[in-house]
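Asks: All chains should be modelled from the sequences, with the hints used to inform the complete structure.
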Amino acid sequence: MAIPISYNIRNLWTRRLTTVLTLSGMALVVFVFAAILMLANGLQKTLIETGSYDNVVILRKGASTEVVSGVGRDQASVVETQPEIAIGSEGRALLSKELVVLVNLTKKGSGSPTNVTIRGIDAQSLSLRPQVKLAEGRLPRWGSSEVMVGSSLVRRFSGVTLNETFRYGTRDWKIVGIFDAGNTGFSSEMWGDADQLMQAFRRSGYSSLIFRLRDSSEFEKVKSRIESDPRLTLEAKRETRYYAEQSEMMAKFLRILGISLTIIFSLGAIIGAMVTMYSAVANRTAEIGTLRALGFRRRSILVAFLIESLFLGLLGGIVGLFFASFMQWITISTVNFQTFAELAFSFSLSYDIVYKGLAFALIMGFVGGVLPAFKAARMKIVDALRAS
Amino acid sequence: MTLQEKNPIVEIKDVSKSYRRGSYTVPVLEGISFDIAEGEFLALMGPSGSGKTTLLNLIAGIDRVDNGSIRVGGVEITTLSEMELAQWRATHIGFIFQFYNLIPVLTAFENVELPLHLTTLSKKDRREHALMALRLVNLDHRIGHYPGQLSGGEQQRVAIARAIITDPTLLVADEPTGDLDRVSAEEVLDLVGRLNSDLGKTIIMVTHDPRAAARARQLKHLEKGLLNDAHS
Amino acid sequence: MLILKILFKNAFRNKLRTILTLLGITIAILAFGLLRTVIAAWYAGVEASSATRLVTRNSISIIFPLPLFYRDRIRQTSGVKMVSYGTWFGGVYIDEKNFFPNFAVDPQSFLDLYPEFLISPSDKDAFLKDRKGFVAGRKLIERFGWKIGDIVTLKGTIFLGEWDFVLRGIYRGRDKGTDETQFFFHWDYLNEGLKKRMTFHPWVDQVGYYMIGVTRPEVGASVAASIDDASKNSLAETLTETEKAFQQGFVAMTGAIITAIKVVSFVVIVIILAVVANTMAMTTRERIGEYAVLKTLGFGRGHIAGLIFGESFVITMMGCGLGIAATFPAAQLFGHTLGAYFPIFHVEPKTLYFDLLAAVAVAGCAGIIPTMRAIQIRIADGLRRIG
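Listed in order, the protein sequences are those of chains A, B and C.
My numbering numbers the first residue of the first sequence as 1 and each following residue consecutively.
My numbering numbers the first residue of the second sequence as 1001 and each following residue consecutively.
My numbering numbers the first residue of the third sequence as 2001 and each following residue consecutively.
Bear in mind the hints are in silico, worked out from the structure with no lab data behind them.
Note that the coordinates shown come from a computational prediction; the quantities given were computed from them, not determined experimentally.
C-beta atoms are modelled at their ideal positions from N, C-alpha and C, and glycine is treated no differently.
All clues given are correct.
Covered, in the sense of this in silico footprint (three residues per stretch, anywhere, with C-beta under 8 Å from a C-beta of chain C), are these stretches of chain A: (1) 15-22; (2) 108-115; (3) 199-208; (4) 263-269.
Replies: Set out below in structure tokens:
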């Protein structure tokens, strides 16, 4: 037979200051917990969405990113002949040969230089990346020193607005267009003609090849053929997997740092809850005795106090998640540990994170309340009544 | 039929109880034996430390004897388990404390209703019973008030309503007028008296107050753990 | 001191509550200290910079090389005492998880330019003589259990293929902040290797960066300007900056994350504040009657305030002390686990000062409202609360 819930809720309300303080501690912990998971999630989401499942990325064997990869022209020709490559609208193989290098751009605000990706593309590149859409201006002309810039770069870096010119490799490059690639890594890139970029940066080979599979299930077949070809020193990956791998190091770092911090913080919040609940038990000793005298069992007392601290945890969790959800407005702009290049991504809330956050909050409430609840339940009736 | 001939509702045989204080034991009750008849109104009196509250606690089932037997309504309560005792108390005992011991966060109505949560009555039935009990103590106009908003006398009356709501076998009162002014004390004692005379409730009351004792029909003195009889 | 004794005894009147509060403070100070240490670790490279060293790299970005023939020109620039050069090799030892920094350098000039890398003369000799040899820091040796003469193979990620090296020397860091996890070998070995493996490798006779030692720190800016001017309009324009600025550039790239960590470290302080404030509020509420009694005895507001703040300080400082003590072993553990990311992970004195400052601030703030309540209570009201 249970003590009515209104008893618990009203008790929390009566000692408002203490309830709010304890609840805030837990909310803060859940906020940090959720924010960090959201950050790692946002990072991975951005990178995974950057790739298409049916696209294949060809890199030099052992190269972890396009920047350190080199694919010679003759190797590119061999790959181009693979039958599994889809045919584009003009009857040509849907394969692009791209060059990826890093250049320094100055960040707005801090004024410090950061590595930014410039991607040399060819005619097929845009068809292979349907996520990329021209937002302002026009596409760069082939054979010219024109580039277009991702919307994220325009927001965060100086010197990259429409029609501005910057200088690299003894050439002046003019920004003729701004493209929007949504929440993907491409938004933090600059795109220009691969041949022009190769000349300017004195590269003899490409960085990577991207092609669309005509039939997604044929991936393994073409992969093993390319990787076992003695003329080639290449490896093939699905584009989604390639980008997913790029987020691993940083996501792992964020998660380790985040989880260990959260555990430490949660200990603080749990202690706060314990202090509060012990105090509640101490203040309500006479009540406990009365309830027991009236016939409520030890178990009911235990459950009642547990419910109170669980409720504190739950409220704290909801408040923490509520505020964490606002973090989704914030975008982080940093260099990805793995690619060494600028990447912008935001906090991303998922159902999984909400469940984890609430579960965590409830666990904190439970751990904080369990010992005091046992103390309340174990009291002898006469001792409790004598305290009044 | 005289009171003596009515069935004893409480049978106490050879009950002893001591408390441990640090390293030595203090005997509080030694070999107490007596019976209480149904419908009795008994006042237990005696100096501080005489063990009267202890005796009350033992009869009400909120403390355990060291030796002896206590039968209430034919049930040997000294051999009941913790859980059985709780269940037994819920239906057989009504408590009235010196400091009322109302739950501060529940309204008068909810305080009175509280013991019924231990039964299987429906919400509607609980409500009816609670209202009836409150009407009995003349507080049906204050049912939505919290204990903090009631005077001492009103709080005690709510406590009395709570005590009788399960129609218990026994009402135990520990210094019910101890914290009340003269007028409220009189009101409460009137009420308690009526519970006995009109509703036939068996009442055991521990008290210092001679005015309270005067309302009782039987008096027992406890001194140093031993019983003395006195008739009022 | 009698006062201290009273405050101490008062604090422990409710043992459980005080112990819990102490635990909470300890944990929070520990977390705060760890976070500050993580931030300091991020700046380790910056702190280890020398004021008399400059770094020259390709102005487009660090991934582009500079020609080897720049060396002579740079050495002849006025104000330059020494020139060395190197290339980031980025090799992998067995697994990517085993990350450590590895470079190809010009051995003699590099060791001259970096006196904080202490190496025995015999090791140095052996290294200079063996083109295939490499030198590694003490921490790296311990991590992998290498011994002099061992052959270590690195898998190139930038420079394709498997590259063998022989351990010829071990260096120790002269200063506490010197990175002892580095691995460097002969630039010549890389260069010859590239010539052999590919008919035309773009990095043949190219270096990743130049390291320059200047005569005095004050000439740094002008030397940098001279070097950069000389390469203007060439195919490989240079950007020269102080070593400190160069290192800071790296830190700034992940600036957003550092800011986030700084913010979080302050959140911790807020959490302890909530815990301590909660405790002091409860404690004071319980003792209101006592304070009233003290007032009747003639103790004034100052005394009451002193008692409350005093207790707040005693608890908070004890917790701070425990937290600081716990920070050192925790930092060790942390440093081990995240060793790949942070080669230097020391608890700095600055961090400890911050700890104390935070604790004092919390103790003060937590005591304010309870003290105000206690001071304002009227004696009669207070006394009523006792009985």
